[in-house]
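Trainee: Listed below are the residues making up each chain.
Number of protein chains: 2
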Amino acid sequence: MATSIFKLGTKASTARFTGPAFVNTLVSDPGGVYNLAVHDVKFEPGARNNWHSHPQGQILLCTGGVGYYQERGKPPRRLEKGDVVEIPPDAHHWHGAAPDSVFYHLGITPNANRGQTEWYGPVSYEEYRQAAKPAF
Amino acid sequence: MATSIFKLGTKASTARFTGPAFVNTLVSDPGGVYNLAVHDVKFEPGARNNWHSHPQGQILLCTGGVGYYQERGKPPRRLEKGDVVEIPPDAHHWHGAAPDSVFYHLGITPNANRGQTEWYGPVSYEEYRQAAKPAF
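Protein sequence lines correspond, in order, to chains Y and S.
All residue numbers for the first sequence refer to the working numbering, where the first residue is -8 and numbers rise by one.
All residue numbers for the second sequence refer to the working numbering, where the first residue is -8 and numbers rise by one.
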């Protein structure tokens, strides 16, 4: 069973997530000394964020549980503790937990002052089901 | 007992560390898309790096075990899983494990192309002993 490293964050907006997820902001100083944002995210089983993109890209460090990452038009990738994802700038993508496991990752956004995350609506049940095979 | 998240890295140089430590480079693209370096470090009990500084500063995310962080002229800080350290640019400092525990942290260096780490020689036994009170 995956355990947390950081304190549980605040519940993520249902406008941007399907299912319960919690976001703990560890670092955030856009335009500051580090110009960096670091978030620790816990997804409950089955939870995922909506399709979105980052103008500066983002790094995911998977720290516990099992989850998925998918870029638009590409096959989903299964993720476990220790996996690293380099999300290219402006790539439409989503990430979230397996149906039968929590999922923890750190999200590292460098060059934080280079624009905001853009959001494109929920991952459909069918898109999620395809990612979750054969767990479903 | 603290357990690892990422694969064990390569042994750190004895020219820059006292005692065994292992560094796994998860991201490194100075001047690239992310302009970022992320290292996962495992310190064996008692191991620590030499006094050093980063021109761009660095963020430490403590992911397991017990360790210390100290800036020159300031009292040492005891670190545990979940702690975050914001190291200012050019601050002379060291970090490492308690004498009786391993210590794991991620080191995040934003703006990676803004110069190299500078090194200033080992943490003395007396400096380490002061940090490790009352564990010693």
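One or more of the hints may lead you astray.
Same chains, same label: a pair holds when it works inside one copy or across any pair of copies.
Stated by the list, open to error - Cut-off 25 angstroms, straight-line C-alpha distance, at most; resulting in silico cross-link-like pairs (SDA-like, lysine to any residue):
#, residue 1, residue 2
1, K124, R7
2, K124, E77
3, K124, Q47
4, K65, V18
5, K65, G23
Simulated from the structure, these hints should not be mistaken for lab results.
Trainee: For every hint, state whether the structure bears it out.
Mentor: Cross-check of the supplied hints:
Taking the closest pair of Cα atoms, K124 and R7 come within 25 angstroms of each other only inside a single copy of the chain (23 angstroms); across copies the shortest separation is 47 angstroms, beyond that limit. Taking the shortest alpha-carbon separations for K124 and E77, only the intra-copy value of 23 angstroms comes in at or below 25 angstroms, while the best inter-copy value is 41 angstroms. For the identical chains of this complex, K124 and Q47 are neighbours neither inside a copy (31 angstroms) nor across copies (43 angstroms), given an alpha-carbon limit of 25 angstroms. Taking CA atoms no more than 25 angstroms apart as the test, K65 paired with V18 passes between copies only; the shortest distance there is 22 angstroms, against 31 angstroms inside one copy.
For the homomeric pair K65 and G23, the shortest alpha-carbon distance between copies (24 angstroms) is at most 25 angstroms, but the shortest distance inside one copy (35 angstroms) is not.
When each numbered hint is compared with the structure, a violation occurs for hint 3 only.
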